[in-house]
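Visitor: Protein sequences appear in the order of chains A and B. Position 276 of the first sequence, counting from 1, maps to 276 under the working numbering, and the rest follow consecutively. For any residue, its number in the working numbering is found by taking its place in the second sequence, counting from 1, and adding 1000.
Hint data in this document are derived by calculation from the structure and do not stem from the laboratory. Virtual Cβ for every residue (Gly too), placed ideally from N, Cα, C. Among the hints, a few may not be true.
[To be verified] Partner residues are not named here, just some residues of chain A that face chain B (Cβ under 8 Å, in silico):
#, residue
1, Asp34
2, Pro47
3, Gln49
4, Asp56
5, Leu57
6, Pro165
7, Arg169
8, Phe237
9, Arg290
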Amino acid sequence: MTASRLVERLLQTLPVLFGISVIVFLMITLTPGDPVEIMLADSRATPEQAEQLRRDLGLHLPLHERFLVFLGNAVTGDFGVSFFHRRPVIEVILERLPATIELTLAAMLLALAVAIPLGVAAAVKRDTWLDRALSAASLFGVSLPGFWFGILLILLFSVTLGLFPVGGRTPFDLEVARVSGFLLVDTLLAGRLDAFAAALRHLALPAVTLGLPTAALLARVVRSSMAEVLTSDYVLFAEAKGISRARVLLRHALKNALIPVVTVAAIETGSLLGGNMIVETVFGWPGLGRLVVESIFARNYPLVQAAVLLYAVTYVTLNFLADVAYTALNPKVRL
Amino acid sequence: MITRRTALLSGIGAAAAAASPAFGQARPREVRVGVATDVLTLDPANHRNRDTQNVIRNIHDGLLTRDADMAIRNEIAESWRQVDARTYEFRIRPGIRFHSGDMLSAEDIKFTFDRLVKPNAMGGQTSPRQGLLGPLEDTVVVDERTVRMVLREPWPILPAMLPFQEVVNRRHVERVGQEGMQSRPDGCGPFRLAEWRRGEAIILERFAEYYGGSPEIPPAGPAQVDRAIFRVIPENSSRIAALLAGEVDIVSELPASAMRQVEASRTAQVMRVNGTRTFFVAINNAKPPFTDLRVRRALNHALDKGAIISRILNNTATPLRGVMSPDAFAFNPDLPEYAHDVARARALLAEAGVPEGTEMVIDTVAALRELAEAIAALLSRTGLRVRAQVWEGAVLTPMWQTPERRRERDMFLTSWGNGALDPSDIMVPTLRTGGRGNTAGFSNAEVDRLLDAAETEVNPDTRARMYREAQRIVTEQAPWIFLWLPQDIYGVSRRIANWRPQADSRINLHRVRLAG
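Next comes chain B alone, as it looks inside the complex (with noise of 0.2 Å):
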């Protein structure tokens, strides 16, 4: 039996449960997300914030999504194809309606993904998210529920590339113009808006016609909750709190020291995934002694990740070999290990003439130093003198955008975002030569050559074969000293059923339930 005394000494949560009903049972279906920022706008064209795609998701529907295990799933398309190496055909589910009670249709498909693509656009300016749709150059209207998508050049990944976008309602966007877009959307998606207490809530409510979603994602249909709210609570104690007071029901980027005490707490559980974010050490491969491999492959030798990952992350993360996720298309599962062994790294950096003592510094942001630091002791051990360095964030990155400006810099911990699981949004931009974020200057022609081929190459097992060959040369090449892919950490309610965290860190409360 659960005494009051054992379950106020099981945690402050538990007792919050005990004790505490007043915040946290009143309102039954009513599901309430702690989230640490506003979101920016509700124009799905007009942002790159993934905070308020989060929202924007739940009052939007796209051409496809992604289940929770990341497999691309029909969503507004009822089918599609792909008609040749350029072209791509979708087909619409019937009887879709807008929340305003407009039908969905062709119209509305060409007209979204216009104004995400044209230059100009949006009354004037051109969507930040264009880039997110590569070569798309056209999308035309066959008939009223059948749409082609025309690529400039073979762009396998479009597919992948779709669940980022949502429907917009042409005629809805006519009648309330641009700025009217900001903060009045009219999507198809399973809740609509509320309404938007800036800077403290986002209120949306279920939308009783909504045509039901994927119906390859069961269960199919409206939501299954009354109202679903996004509350910002920009602390992390304080969202933490809300938590375990019973105010919020789901809270994303759970610090991992605040594991055990949501663990503890009864009304609460921890859920994890693998993120989608690969965490590296961009070597200057163009500054001495780094042109030299031996030193680049000393360096992966002598950092101990497993130490940082158990004593630091909480053993929050997956250790990477190289630089896919193991959930992404394409991962190679049999890159070279380089194990950590000092005195085989001390041993290289000999070999290469770096003597004892040489200074290095490792650049990176706040949020960052403690591993930076760890990671600097690490390499140490080596003989080395390595130190970090911290900078704002606003300074730092242009620092190591160009070659000019990183000349003098010797070692960068960053990281770099994969939503699409796909090789070619990640290994394009940070590996291939000249790459935007390609922060180690690294430059090697058969990587460059794979990666191209691999770019507009049709058959998806071909295309495979060339990125998992790249991979293998990039892990051997040792541009960067490879870290590893952290969890997502979420605290979840023991009230909330059917949800479970996805690595692409949208928060779907289309099937949430609540329990009891």
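Excised from the complex, chain A in its bound form (with noise of 0.2 Å):
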């Protein structure tokens, strides 16, 4: 893969990027409700308030001009100031997005832990009790509403057992310097075992709820790509030649069956930054998620503009971390 093809590869992003910005403005502010009526629903605002704060707010111009000063900010870094907040929707957006992050990442470390290994064990032991037993088991797990396993989660852990806490992202007397704002990376930062700890036990129970449907998705992949790779002949010529079962599986079969693992957790890790707003209401995650929905509901255009963009472009990018990933796994591949 050359360099240029890199480039030319990034470039084929931006149309897809200019054409999420148009339907995000588009859905968004042609969606009934208007954000001023909503500001001040229930207040005494006079009509001349009420056209004062839309002019605060620039909606007095007419779409397409609003369109043009939303895409010339956008590409400078300026999404406007978040309706409600009174503050720069960025400001907003940051302080939220390592959380959700950090929730992200940490249930997609927790999902490949589970997946591989039972992935390939199911494959390995293919039409045996125990690989149907893990197919039912991730048909189960794969069909989880996310709401209602958290709660579960909660009721025996935290409300019964009293392991986990029931929700947030730290205990409250605990104060950690913040850095990168990920609790876990700031933590370690500062030295502080302890906290890292209690960080980490905040972060169990939400992960789960997150990374096991995720899990139960990859072990399928894993099932499949580990079984017809098993049946290739490099792997019978591995083991004709006398080479250990577990060398064949972990260094031969494996490293090729997880070619399309790869894609399909670069694309997942996508859906779960922009899906877990469930995790992050059930769990009281102060995460972006739950940010945007309240954003939605309160007509908040620039924050849920904002955000909707954020999460294409990352859903863009893991894409294309896939497929450069994908050539470096694979030399057949090019791009």
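Combine the two chains into a complex, taking the hints into account.
Guide: Here's what the structure looks like:
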């Protein structure tokens, strides 16, 4: 893969992002419901005050002008001011983003840690009771509704057993200087192992709730990919050569079987980032997903636009990285 | 004797108490409140949000406050008097200190209220709370400890509205500016801000030099706990779990369906108080056949409110014959009642010439879907075909706002808050001709006259008489299907003492003690 190919591939993402920004802008703006009316609901504002607010928010301009303003500012990283926070959107989002990323990555690591051994085991023991049990379990896992599963975990592990906290990100008597915003990193930077452990305990249940359905999905991918690889000639050849079973599995088969898993995992990471508002709500996790949902209901246009654009960029980037990883893992594939 | 087994059987909460002291008991003097949403800002002048106000009101005090029974009490004000119909005078308690150490003076009172009511006084913006102070025109400093509030026109509910406004420190605002006010408050209330973990929690700590608050509400003095924490837990079930696990001590907006679970837990109990929000079905008074009084009365007779209150609302609402809460000023206890009587309803509809099978729609939002469907089903027993239609709030509210936009609509299940517990705060907007919340499009010359006269009447008895008369006419004219006043339900840990919910939904933590 040459550098010019890489740049070309990167440039191809630009029209996608432009298209998304058009769609995002139009969808939220054309959805019925006026942010000014929502903000002034139940208040005694006069029509003049409402008009003033409309001007303050830049909503008095015609649609196309607003879009150009949005686009022009977005390119420079300025997404305007959040209607109900009255602070720059980017500031509000950056405040919440690390919590969401931390939860997503934890969930994905957990999912991979569960999915790879189980998927391999199912493939190796194909058509045995183990394979069928794992297959049933993964079907169950994929079907788990997050809000229900999360609350069950809370009732068992927090209320009844008292092992994990019900929600939140840290205990309140714990103060750690914010450096990266990622608590697991910041606590280690501060050399506070107690705080690190506490943060980990807060992270456990949300990560399990978010990670298990993904684990179930990935386990199925690993199983089918591994099953295919195990019947290929080079594996048979390796076995015929008398290489140990473990070595054949880990060194020869797994490496190749993981190629589709990388793709799915990367795309799933994108979905987890954008799709964890339910888990964030159940566990009171101060992340971005919850903020976006609240903003949609309040027609907080700037925040929704910026956040969706951010999701889109992340998704596109992860896809791009998956492609790059794919070529690295499998020299037969080219960008 | 309680064995471990019976404790487990008696509910998960009890089990939590028996098995897991780990999260519950290692924090002796800290009270934690589980709330559904984070505060939007900590600037008392820059929001219109009740949850936000709940937190701010523990950091800041007001000129006046309310006790748990909703009586208006002095707070920063030591005394006040009405000089004439348009002028009120307040004498300020001496020796009040802000958290920064600055002393409070009459200048701060003037600054606070100017910032609230003068156009563009908030760094170029106008406070969204301006409307809550009606015709307040100016605040004048008389001397170091005395201010006068001057109104454009008489407004008898000024004292009832003042508990909603918190006093800020003028010098602090000048120091930190408009932006700084969003996150760095300097109040003179019982708690000062320790940390705001956005989206997660607000951590407050006891202000040792607090002047003590209203001496009329004992005990006065600094707060009884060292820290107060408002923790954001958006999901109802998680909030209840946190209460049962001992992680929070007070949760608001407890769903009626969770009351038994909390009561069974031994670690927590349910507390209830009449709210201030009147629920009703606004009938489109301008659209036939609702222009006919007999039809509106028939709808009121047709509805079995008792069934809905007992079966859906778990008996957590008080039925209303009219618009006002029984706790409010000038409540009329002698209103006629539209008794549940389907035969009478059918007869009235027939008299008005409404054929059987006429279709009607009740508009509402998703949160009220269950109620709207129950109401529609009960109304359909008259032979009408009534159904509920659910809309998103952002669409529905504007749709019912103006006569043109609601022309084709039939009924609207909605509610109106009356935090001031005064008819002026609910009857004028919802029932006066052209009122901003008059979704029914009700218009009655006599009601308008009474409401206008009462608005400027200084004698409280005369005012009350006018409002009672207006309530009688409204009930007789039946512009709405009168419904109920829901109670606010709280789950409260049994280690919390000296706290009870109050009708204005304030969560005042100044006097909370921890048992044991």
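Visitor: A separate judgement is required for each hint: does it hold in the structure or not?
Guide: Here is what the structure says about each hint:
Taken as an interface hint, Asp34 (chain A) checks out: its beta carbon lies about 6 Å from the nearest beta carbon of chain B, inside 8 Å. The beta carbon of Pro47 (chain A) comes no nearer than 10 Å to any beta carbon in chain B, farther than 8 Å, and the hint placing it at the interface is violated. Among the interface hints, the one on Gln49 (chain A) holds; its C-beta lies about 7 Å from the nearest C-beta in chain B, closer than the 8 Å criterion. Of the supplied interface hints, the one on Asp56 (chain A) holds, with its beta-carbon coming within about 7 Å of a beta-carbon of chain B, less than 8 Å.
The criterion of a C-beta within 8 Å of any C-beta in chain B is not met by Leu57 (chain A), whose closest approach is roughly 11 Å, and the hint is violated. For Pro165 (chain A), the shortest C-beta to C-beta distance to chain B is roughly 6 Å, which falls under 8 Å, so the interface hint holds. Evaluation of the Arg169 (chain A) hint against chain B yields a held restraint, the C-beta minimum of about 6 Å falling below 8 Å. Taking 8 Å as the C-beta cut-off, the interface hint given for Phe237 (chain A) is violated, the closest approach to chain B being about 55 Å.
Of the supplied interface hints, the one on Arg290 (chain A) holds, with its beta-carbon coming within about 6 Å of a beta-carbon of chain B, less than 8 Å.
Checked against the numbered hints above, the structure violates hints 2, 5, 8; every other hint is satisfied.
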